[in-house]
Amino acid sequence: MAAISPKQLGFGTFILLGLILAFSPVDRMARAEIEVSGLVQEIAGESAYISPEDLAHAIIDKDPSVIIVDLRSSADFAGYSIPGSINLPVAEFGTDRADEILDRDKTLVLVSNGNTISGQAWVILKSQGYPDVYILAGGMNYWVEVFTNPVKPEGVYTSDEQFRYELRKAAAPLMMGEQAVQSDANTPTETKTPAVRKTSVKKKKVDEGC
Amino acid sequence: MAPFYKFGLFGDQTSLVIALLIGISFGFWLERGGFGYSRKLAMQFYFQDLTVLKVMFSAIITAMLGLMYLTLFGFLDISRVYINPTYMGAQVVGGLVLGVGFAIGGYCPGTSVVGVATGKIDAIVYLAGAMFGMLVFGELFPLLKNFYNSGFMGNATLPEFFNLPTGLIGFLVVVMAVGMFLGGEWLERKFRKDGV
Numbered sequence: 000m001a002a003i004s005p006k007q008l009g010f011g012t013f014i015l016l017g018l019i020l021a022f023s024p025v026d027r028m029a030r031a032e033i034e035v036s037g038l039v040q041e042i043a044g045e046s047a048y049i050s051p052e053d054l055a056h057a058i059i060d061k062d063p064s065v066i067i068v069d070l071r072s073s074a075d076f077a078g079y080s081i082p083g084s085i086n087l088p089v090a091e092f093g094t095d096r097a098d099e100i101l102d103r104d105k106t107l108v109l110v111s112n113g114n115t116i117s118g119q120a121w122v123i124l125k126s127q128g129y130p131d132v133y134i135l136a137g138g139m140n141y142w143v144e145v146f147t148n149p150v151k152p153e154g155v156y157t158s159d160e161q162f163r164y165e166l167r168k169a170a171a172p173l174m175m176g177e178q179a180v181q182s183d184a185n186t187p188t189e190t191k192t193p194a195v196r197k198t199s200v201k202k203k204k205v206d207e208g209c
Numbered sequence: 000m001a002p003f004y005k006f007g008l009f010g011d012q013t014s015l016v017i018a019l020l021i022g023i024s025f026g027f028w029l030e031r032g033g034f035g036y037s038r039k040l041a042m043q044f045y046f047q048d049l050t051v052l053k054v055m056f057s058a059i060i061t062a063m064l065g066l067m068y069l070t071l072f073g074f075l076d077i078s079r080v081y082i083n084p085t086y087m088g089a090q091v092v093g094g095l096v097l098g099v100g101f102a103i104g105g106y107c108p109g110t111s112v113v114g115v116a117t118g119k120i121d122a123i124v125y126l127a128g129a130m131f132g133m134l135v136f137g138e139l140f141p142l143l144k145n146f147y148n149s150g151f152m153g154n155a156t157l158p159e160f161f162n163l164p165t166g167l168i169g170f171l172v173v174v175m176a177v178g179m180f181l182g183g184e185w186l187e188r189k190f191r192k193d194g195v
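Protein sequence lines correspond, in order, to chains A and B. Heads up: the first sequence begins at 0 in numbering that gives the first Met the number 0, then just goes up one per residue. Heads up: the second sequence begins at 0 in numbering that gives the first Met the number 0, then just goes up one per residue.
The shape of chain A in the complex, shown without the other chains (with noise of 0.2 Å):
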């Protein structure tokens, strides 16, 4: 009996691999299956949340990584919207607009009236396999509530609640600009960019290239 070449041997190991893969069922395997366990333990660590100082942030620093969607209807957001967010009505999930406004590359930023459907919205996008989602907390309502009025801190205060009083107001005349416009209909002026001081905010962490 002959004996087997060790170049018989590679090619045959070779293709005898490759014949089990062609009635194998890799697609099937390379779905990104969501790990609720890990999605849980992001909500409950409130990781999936971006707080409305450090949104107002990325919005005065123009980040061009972060990219805020409005998920409320588009007479919504016609009313009222976060500066430089884009309007993505939840119906329109999956259509070839969605696909192009949510870049798998970018930093996006849900918002919607509350938490519950930019939540279900992080939910699904998450088990897409996005990597870079966060939920505006309190959403709309509470954004609305920290720049149009903001409380300051009495009592026992921290340095950072004294910040974050600061931030509000000081940007509250940019996040709050467009309604203010709005309701001043005879005068469409342009509002003032106020200058904000930066101080050590935790930066955003730099998206990966290859």
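I should point out that these hints are in silico values taken from the structure, not numbers from a laboratory. Please read all numbers here as calculations on a predicted model, not as lab measurements.
Estimated spans, in silico, between C-beta atoms of each pair: (1) B:Leu69 with A:Thr147: 48 to 58 Å; (2) A:Glu144 with B:Phe161: 46 to 56 Å; (3) B:Ala58 with A:Phe22: 18 to 28 Å; (4) B:Leu69 with A:Glu99: 30 to 40 Å; (5) B:Val174 with A:Pro82: 55 to 65 Å; (6) A:Gly11 with B:Leu139: 49 to 59 Å; (7) B:Phe3 with A:Lys151: 43 to 53 Å; (8) A:Thr12 with B:Lys189: 20 to 30 Å.
Heads up, the beta-carbon is just placed ideally off N, CA and C, and yes, glycines get one too.
Fit chain B to the known structure of chain A by using the hints.
Frame of chain A, contents of chain B only:
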């Protein structure tokens, strides 16, 4: 579950250290495979020594089978693996330019660095030329921008392009690689000169 970096098993800085180690071992094995030697590399264009072709295809199908089996057994989330986007127009022309340079200079970008590491003068000249080419390209980029983006196809893959199951494509690539391997050996026997 892999990819480890995407799942946050290590951070940015650790990933750089790992990249350095992988890079060093890559260079080491290229050198050990004889790829730091321009004549051996150029020989394949005269069909006299197709080692490069054979090594490349062996590496490609080994990596491909590895990725597919890891995916199949659920150890790897292939959707998180980075895929180079395809720009068909620019890449066809770029590939031809690279091939011409490869045949003339006897190095590809990676092996030229290996050649420099072992002190080969032609590799140093080659690498300096490559750097100069990058400078010229960078300066001319505004003119070349439209061409650079031509034929954009997104993160195209063969299974998506041909609309066939990934496993079947894997098998076809293996068959193709074995065909190339055997074809390469046939060419070598036909063209090899004694004493080279």
